[in-house]
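Using the working numbering, the first residue of the sequence shown is number 1, and each one after it goes up by one.
None of these hints come from the bench; they were simulated from the model.
A virtual CB, placed ideally from N, CA and C, is assigned to each residue, including glycine.
Among the clues, some could well be false.
Said to hold, decoys possible - SDA-like mimics (lysine to any residue), calculated; alpha carbons at most 25 angstroms apart, straight line:
no., residue 1, residue 2
1, K37, I128
2, K134, L95
3, K37, G84
Said to hold, decoys possible - Label pairs and their in silico Cβ distance ranges:
no., residue 1, residue 2, range
4, R68, R169, 33 to 39 angstroms
5, E43, P13, 27 to 33 angstroms
6, A52, R169, 25 to 31 angstroms
7, A108, Q47, 20 to 26 angstroms
8, P118, F141, 22 to 28 angstroms
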Amino acid sequence: MDPASFSTPTPCPEFDVRTLANHLIWSLHIAVYAARKQPVPAELTEQRDYTAEGWPDVFTRTVDEQVRAWADPAAWEGTTTFGGAELPAAFAGDLSWSDLIVHSWDLAVATGQRLDVPEDLASAAYEILAGIAKMGRDMGFYGPEVAVPEDAPALDRVLAVTGRDPAWRPA
1 MDPASFSTPT PCPEFDVRTL ANHLIWSLHI AVYAARKQPV PAELTEQRDY TAEGWPDVFT
61 RTVDEQVRAW ADPAAWEGTT TFGGAELPAA FAGDLSWSDL IVHSWDLAVA TGQRLDVPED
121 LASAAYEILA GIAKMGRDMG FYGPEVAVPE DAPALDRVLA VTGRDPAWRP A
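Assemble the whole structure, with the sequences as input and the hints as a guide.
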């Protein structure tokens, strides 16, 4: 991402590219600590400007760290704290990777890029997100579901169930 695109709107009305990138990096960090079942250090806040720390290196490094943390089978066992709530660890793990897909698409489309997600991975994310979509809408995390054809690609269904229009493009 070019820093010149940081003020570009995203499919998330409350986030421009910079704010969404910071939110995503923060989410990745808290997912790492959730996998390790450790408290999140106080300096890792959602208000921190992670983009000033060398985007996209920070993003790549944090994604790699998340993958390594959740690769440990113990990460998926028991409960953990994720986003301030105690959750089953497996649920937190599923949320972390499915959220990564959704927000990666948000950033990609906002910056004129394409995100390719394997159909089987997008289908698995859809199953997770469809199961929590009502809760996500009730909590204000998702907008109203967007209608897409039943035979739409799995990524389009993921986007639609989380309140995103797969045809969205910045103005």
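To see whether the hints hold, each was checked on the structure:
1. K37 to I128: holds, 22 angstroms
2. K134 to L95: The hint holds at about 15 angstroms.
3. K37 to G84: Holds, at about 12 angstroms.
4. R68 to R169: 33 to 39 angstroms: Check passed, 34 angstroms falls within 33 to 39 angstroms.
5. E43 to P13: 27 to 33 angstroms: holds, 28 angstroms
6. A52 to R169: 25 to 31 angstroms: holds, 27 angstroms
7. A108 to Q47: 20 to 26 angstroms: Since A108 and Q47 have Cβ atoms about 24 angstroms apart, the given range 20 to 26 angstroms holds.
8. P118 to F141: 22 to 28 angstroms: holds, 25 angstroms
The structure is consistent with each of the numbered hints, conforming to all of them.
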